[in-house]
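Chemist: As given, the protein sequences belong to chains A, B and C, one line each in that order.
The numbering of the first sequence is my numbering, which starts it at 1 and goes up by one.
The numbering of the second sequence is my numbering, which starts it at 1 and goes up by one.
The numbering of the third sequence is my numbering, which starts it at 1 and goes up by one.
The reader is advised that the hints may include incorrect statements.
Simulated crosslink set (BS3-like; lysine-lysine; CA at most 25 Å straight-line) [claimed, not checked]:
| hint | chain 1 | residue 1 | chain 2 | residue 2 |
| --- | --- | --- | --- | --- |
| 1 | A | 141 | B | 288 |
| 2 | A | 141 | B | 314 |
| 3 | A | 87 | B | 203 |
Bear in mind the hints are in silico, worked out from the structure with no lab data behind them.
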Amino acid sequence: MNDLERIERIKAVLGERAAEITNPSPQRIFLTVPARTLVPALEQLKTELGYRHLSTISGVDLGDVFEILYHFGYDGGNLNIRTQIPKADPRLPSICAVIPGAVLYERELQDMFGIIVEAIPDGRRLVLPDDWPDGNYPLRKDWKHVRAAEKIPGGKS
Amino acid sequence: MKFQIPIGPQHPALKEPISLRMTVEGEVIRDADLRLGYNHRGIEKLAEERTYLQNIYLTERICGICSHSHTTCFVQGVEALLEVVAPRRGQFLRYLVAELERVHSHLLWLGVAGHEAGFDSFFMYTWRDREVVMDILEMISGNRVHYAINTLGGVRRDIDEALRTKILDSLGILRARTDYYFKLGANEPSFVGRLAGVGRLSKEDALALCAVGPTARASGVAHDVRRDDPYGIYGEIPFEVCTADSCDVLGRTVVRIKELGQSYNIIEYLLRNLPDGPVAVKAPRRAKPGEVVSRYEAPRGENIHYIKANGSDKPERLKVRAPTLANYAATLAMLKNGFIADIPLIFAAIDPCICCAERTVELIDGRSGRPSQVRWSELRRMAARRAGRVSKKRNMEWPL
Amino acid sequence: MLKRLVRWSRIKSPWILHLNSGACNACDIEVIAALTPRFDVERLGVLLKATPRHADVLVCSGPVTRQMKDRIIRIYEQTPDPKFVVAVGACAMSGCVYRGAYNIMGGIDQVIPVDVYVPGCPARPDAIIGSVVKLLGKL
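Assemble the whole structure, with the sequences as input and the hints as a guide.
Modeler: Structural data, given as C-alpha cells:
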C-alpha cells in the first residue's frame, strides 16, 4: 500500500475530523487534528487502521500556541499527527487510555513545556531534578538560562 | 508484608545513573517505578543555539556507545531539509560505520550480560574481540569512540584498498568467534538456566507499550526500521530481521547474536560493492523553513529525530527520542513478579543506554521506614547462588 | 616502618570506584575497556570495586548534573581517607559540549577537589592508565 492509498483510507475513516493531510516526502504523512477530537481520532486510527506503534510525542513552542506532534510508525513509513493548543491555557487530553506506552512522553511534555495533560495516569516529574524551582519550563522560547559564575580551582577566576 | 526498595543512582558494574523504586514482598517484586533525570543535560535547548554543523558534534555526544546512530539520524534529516543528497560512496561508508557500530555495541552487550549473569570470562572474551572492531574504526576515522565521520552532504574520510581488504579479513576472525559465542550461549546449561524465563514480556505487552529494538524482537514483534521505513541505501541491501519467540532474556541474547551475523553479511556486501566517486558534496548553510522526521535503527532500537527549520542556520527545534526511553515502560512491566536477584539482568537485557549507573539497593521496611543497604554485587551473588542449584556445569573445552 | 609498608601497598594496589555523573558513556566504556585483556590494569593491582567504602581512587566522568551533585558529595564523603579523584574526559574537566546548559554545573572540580585530569573525548584507556601511574608517582 503506497502513500496515496493510505491517505485515502485515513480520509475515509476520519471523515471531516482530519483537517489537513499532506505527504511532503515519500514515506511521510502529516495530518492535522483539533485537540478536542484527538483521543477519538487516535482510537479510530488504532482499531480500524492498525496504527499502534507510537514512536514519540514532540512539542514545539510557536509563540502563542504549542504544537504537539504524535509520531506513529507503521510498516512502510511514518505518520505524524499534529495538534495545537493555546499557550495561555495549555491543556491536552491524555492518550494513555488508547496507547499505554505514551505516559513517559506526556510526562516529559509536562516537565519541559508546562503543558497540563488531563487524565494522565501518573503525572510526576520525569527528567528535571527534584530541586528544580516550579514554574520554569526550559523548552519554552522565552525561558533563558543565566549561567552561574564558575570557580576555577587554583585561584584564577 | 511489603517493602519499598529504591535502587539509587550509582552502580558498581557499569554505566549511567538512574533510580528505580520497587515495592517488594519477600523476594518477589510487586511493583516498579523509575526516576530519570540524573543524566538530563538539556541537549534540546543547547541545540537551538548552535548551527547545524555544530549540532552534529552535539548529537554525537548524546550517547557514547551509539554515537554514530545519533549523528546519522540527525544528518539524514538535515540533508532532507537542505535538499542535498550524499553521493553513493559517501552513503556506503556512512552505513559501513553504522554496521560496525552495531557489531561493537552487541559485543559490548554480550559482555555486560555475561558479567551480570556471573560469567566473567565471557565478558573478557567478548571485549577482547570488540578490540578488533575498535581497531578498524580507529583506522577509518581516527578515534575509537565518537568517530565524527558524518558531515552535511556525506562523510569526511575515505578508505583505500588496503583498508578495505583488511576489514574483509577481520570479518573472518569475528565470524569464527561469534559462532563460538552462539554455541556457548545456546548450549551451556548454567548460562542458559540463568537467562531463561527471566524478564518475560509477552507479545501483546510489547506492542501495547511500544517497545523497540531487540527487546521487542525477542517477543516475536518483527519491527525493524531498516526494513519498515528504509533510509539511505537499506532499500537495496539484502538482510533479514532476526526475531525470537521466547520473550525473555535468553531470547534477547539470541536475537543480538543473530543480528551480529546479519551485520557481518551487510558489511561484506557494502565492501564488495563499494562504488567509486566523491564522498561528500558541498551543502548550503541555511535550511528553508520546514520540518522533517528522521528514523534510524540504532543497536538498541528505533531512534527518532524531529527537526524543524525556520530559515536560519540554526534549528528551531530538535527533538530526540533515544531507544532506551521507549523500552522503560516495557522494563517496568518485565520487573513485575520477578525476583530481586534478577533486577541486574532484566535491566541489562534492554541494553540501557540513557541511564543506568550504580545501584545500591536500599531496603526500606514498609512499616517502620528504616533503611538498610544491599549492594548490587550482593544481588548478583544471590542470583548466582540461586542459579547454581538449578543445573550443573558440563566440562567445557576451550578451543580459542 | 609500618608507614612504609602501608605506603607501598597503597602504591602497588589502588582500588578504584567508577562514578558516572551524567556522562554520555564513552569515557565509561573506556574505563571498563582498561580492565579488559588488551589493556589489563589488573596486572598493575587495580581492582574495580563496588562500593566507595573500599575505594582509594574515585574515577569520575561526566559533567555534573544538578540531580547528581548531592549524590557525588555523599559518595566522596563515604570514601575513606586518603582518597584521590581522577577526572576522566573533557566533560569531567570543564563540561565539554554541554557548557552553558541549564542542568549542568561544569566539571567535577566544581563539586569535589580533583587530583588528576585526563583530557580526551573520550580519554583513551592508555591515557587513563597513564594518569593512574602519574597519580601513584605523587604518593
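Chemist: Does each hint hold? Answer for all of them.
Modeler: Evaluation of the provided hints:
At roughly 20 Å between alpha-carbon atoms, residue 141 of chain A and residue 288 of chain B fall within 25 Å of each other, so this suggested pair holds. Distance check on the hinted pair: residue 141 of chain A and residue 314 of chain B sit about 14 Å apart at the alpha-carbon level, within 25 Å; holds. Distance check on the hinted pair: residue 87 of chain A and residue 203 of chain B sit about 39 Å apart at the alpha-carbon level, beyond 25 Å; violated.
Violated hint: 3 only; the structure is consistent with all others.
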